[in-house]
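All chains should be modelled from the sequences, with the hints used to inform the complete structure.
Those protein sequences? They're chains A and B, same order as listed.
First residue of the first sequence: 1, per the numbering used here; consecutive thereafter.
First residue of the second sequence: 1, per the numbering used here; consecutive thereafter.
Keep in mind the hints are simulated off the structure, nothing from the lab.
A hint or two may mislead.
Claimed, not checked - Quick list of in silico lysine-lysine cross-link-like pairs, DSS-like style, CA-CA up to 25 angstroms:
#	chain 1	residue 1	chain 2	residue 2
1	A	Lys45	B	Lys11
2	B	Lys11	A	Lys42
3	B	Lys71	A	Lys97
All figures in this text were calculated on a predicted structure; none of them were measured in a lab.
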Amino acid sequence: RKEVEQDPGPFNVPEGATVAFNCTYSNSASQSFFWYRQDCRKEPKLLMSVYSSGNEDGRFTAQLNRASQYISLLIRDSKLSDSATYLCVVTKAAGNKLTFGGGTRVLVKP
Amino acid sequence: EAGVAQSPRYKIIEKRQSVAFWCNPISGHATLYWYQQILGQGPKLLIQFQNNGVVDDSQLPKDRFSAERLKGVDSTLKIQPAKLEDSAVYLCASSPVGGAGTQYFGPGTRLTVL
Chain A
1 RKEVEQDPGP FNVPEGATVA FNCTYSNSAS QSFFWYRQDC RKEPKLLMSV YSSGNEDGRF
61 TAQLNRASQY ISLLIRDSKL SDSATYLCVV TKAAGNKLTF GGGTRVLVKP
Chain B
1 EAGVAQSPRY KIIEKRQSVA FWCNPISGHA TLYWYQQILG QGPKLLIQFQ NNGVVDDSQL
61 PKDRFSAERL KGVDSTLKIQ PAKLEDSAVY LCASSPVGGA GTQYFGPGTR LTVL
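Here's what the structure looks like:
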């Protein structure tokens with residue numbers, strides 16, 4: 001089983017709609033969680049951290065479910081510019097090594 | 001603020017040849033990472049440096065890959081000899097001390113091994 005698993009998609013989303021997807025992690029001792037965004041042929045960039053109580057950043061909402069070992073990302077009012085691959089990132093209990101999921105591809109269409 | 005610099009941006013070599021990549025992190029960032037990203041997959045950590053010391057190289061294929069970070073600033077990653085399966089984008093990232101979750105990535109080097 002992979003340490004961090006994501007549905008690769010693609011999620012085809014009409015512009016203005018809401019899309020949500022999850023990421024599961026296998027190490028129950030994982031401490032920190034993040035979502036990174038990667039545009040086609042570009043480098044990953046930090047989108048947002050994921051806090052235990054859940055957090056919002058504009059149209060983006062991230063949540064953590066430690067009991068079921070997954071994090072989620074919800075995008076409201078999708079824009080064409082939201083088309084990208086969203087990478088789930090988890091830190092191990094020891095040290096600060098990041099483990100990336102394979103990414104979920106989102107395509108927002110007019 | 002200047003970002004993470006990498007060169008070259010693209011490299012095409014034949015199998016069994018050698019190749020080297022260079023990275024200059026953001027000024028003041030003590031931690032430097034090299035990742036391998038195969039098409040359709042997430043980045044996989046190859047090696048992590050804290051200043052000029054290695055923190056984690058557990059996933060570095062040491063029989064063919066080597067990396068160094070002399071003087072704790074820029075870094076080079078070398079592959080010798082290259083295999084077909086080494087075709088990937090090699091990403092360098094850096095982070096400040098205590099900020100491992102916030103990594104800043106360079107544009108990457110796209111390696112094609114023929």
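- Message: When the structure is checked against the list of hints, which entries are broken? Sort them ascending.
- Response: Per hint list: zero violations.
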